[in-house]
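Q: Take a look at the letters that make up each chain.
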Amino acid sequence: MQKFPKVFLYLISFCFLSSCTPKVSQSLKPAGENFRQEQVRFFTEDTSESMVYKTNLEYRNQNFSSLVYLKKTDDHTFSMVLTTAFGNTMLEGTFSKQGFVFKNVVSYLNRKPLLDLLEHDWRLLLRGNLFNDTPQVYSDSAQLTVYHFNDVKTTSLYYYSQGKGTVEMIESYSGKTKKAIISIARMPPKSPEGISIEHPGMDLKIEMVRLKVASDDSVE
Amino acid sequence: MKLNKILSTFLILVIPVLCFGQVMKPMDDTLSFKSGLEKFSKNTNSIQSDFVQEKKLKMLNDKVISKGELYFRKEDKLRWEYQDPYSYIVALNNGKVMLKDEGKITTYDANANKLFIELNDILITCINGNIFRSKKFSFRFMETEKNKVVEMTPLNSSMKNFIDKIIMYFDPDFSVSKVEMLEPSKNSTVIIFKNKKLNAEIPESLFILN
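Protein chains in written order, with our numbering: chain H, 1 to 220; chain B, 1001 to 1210.
Keep in mind that the hints were calculated from the coordinates and are not lab data. There may be inaccurate statements among the hints.
Stated by the list, open to error - Where chain H lies over chain B, by a calculated footprint (3+ residues, C-beta under 8 Å): (1) 1039-1048; (2) 1142-1156; (3) 1194-1208.
As the list claims (entries may be wrong) - Straight-line distance between alpha carbons at most 25 Å, and here's what the computed SDA-like set of lysine to any residue pairs gives: (4) H/190 - B/1065; (5) B/1165 - H/185; (6) B/1100 - H/59; (7) B/1104 - H/198.
What the hints assert, rightly or not - Quick list of the computed label-pair ranges, beta carbon to beta carbon: (8) H/183 - B/1084: 24 to 32 Å; (9) H/132 - B/1192: 39 to 47 Å; (10) H/131 - B/1094: 36 to 44 Å; (11) B/1069 - H/178: 21 to 29 Å; (12) B/1157 - H/153: 29 to 37 Å; (13) B/1171 - H/204: 41 to 49 Å; (14) B/1197 - H/185: 35 to 43 Å.
Even for Gly, the Cβ is constructed at its ideal location relative to N, Cα and C.
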């Protein structure tokens, strides 16, 4: 009498867990020697000048224009400053393997969910610059290799175009839910000219267009 | 030993002059400055000026320069137009804020809007000569050989969040020639106004974005 509900519970848990596992992780192969770190490295390692991106944030039909300054500030760190179009600092971030730290955040942006979201996006974008993790291959064809990275709470897919020699899209999942879609416009070996980030669950879109190009813009 | 002392005193006194080119001292006659500014604002119906903005980012050890044009018409019509390296226009007209970003016209985010209105309120009241009636700042009046200088420190906490100090430099004709904004992050913005035209005809259409 007591055994039936226990079996039933196991069955339900199994069905629930397998339904939460993203489909993408069901046919993975080791990446092997075909994977090179440069394939997921997007930003120049030049420490002399910042890259500047005009950034438009669209949240529930509200627009907010800003500027993002990004620069490699030492061997292991990238620094980022977000300002208004008028130049007032909204927040600063230092990103390294050891951690993503935000400081000088103006009060109305100083919200944990927002800073977590920023960290999530920058971790995806700076993966190849800051980390050395080896992915697995989700799918492989002559045109496109999809690399699969397993992070702490999320999984990410990097769509690497063989022809263009760069990642054109990143998808990030939390369970089965798509958390972010990042499209990257880039002419390798240069840093991205445009980055578009969409958070489908939040009705949030971020468009970044590069304004200032560092003199040494080569990523490799 | 004595020579060293004299030398170091000399260097302490001389280095700031060499570095900054001009010595800042407390303003001799604040009353005549205030009345001169009031007279200037009474006689000025419009201002048109080019500007060069230099943003210094301490953490990145970098500076970024942008350029554009500013238009002001009494009482409260204002147009900031960034032209280089990006196109971005903000117009303030009858209490409405309009924004044109790469050809797209939108309304501003409420919070960012608040900051924008605060900054423009400062600029407009400076032009109108009403700034010294503001209870949002404490003031320090200084002067150099070339300019009258007013250092403004915000008193309210929401403003302190963005700005440590605003330093305004006035030309001998009492128009603003330079604005320095120092931020709590230690980043700073310097805006220099060039080719100023006072009381030129500025069409209404410049303050309407479409």
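Q: Check the structure against each numbered hint from earlier and tell me which ones fail, lowest number first.
A: Numbers 1, 2, 3, 5, 10 and 11, in rising order.
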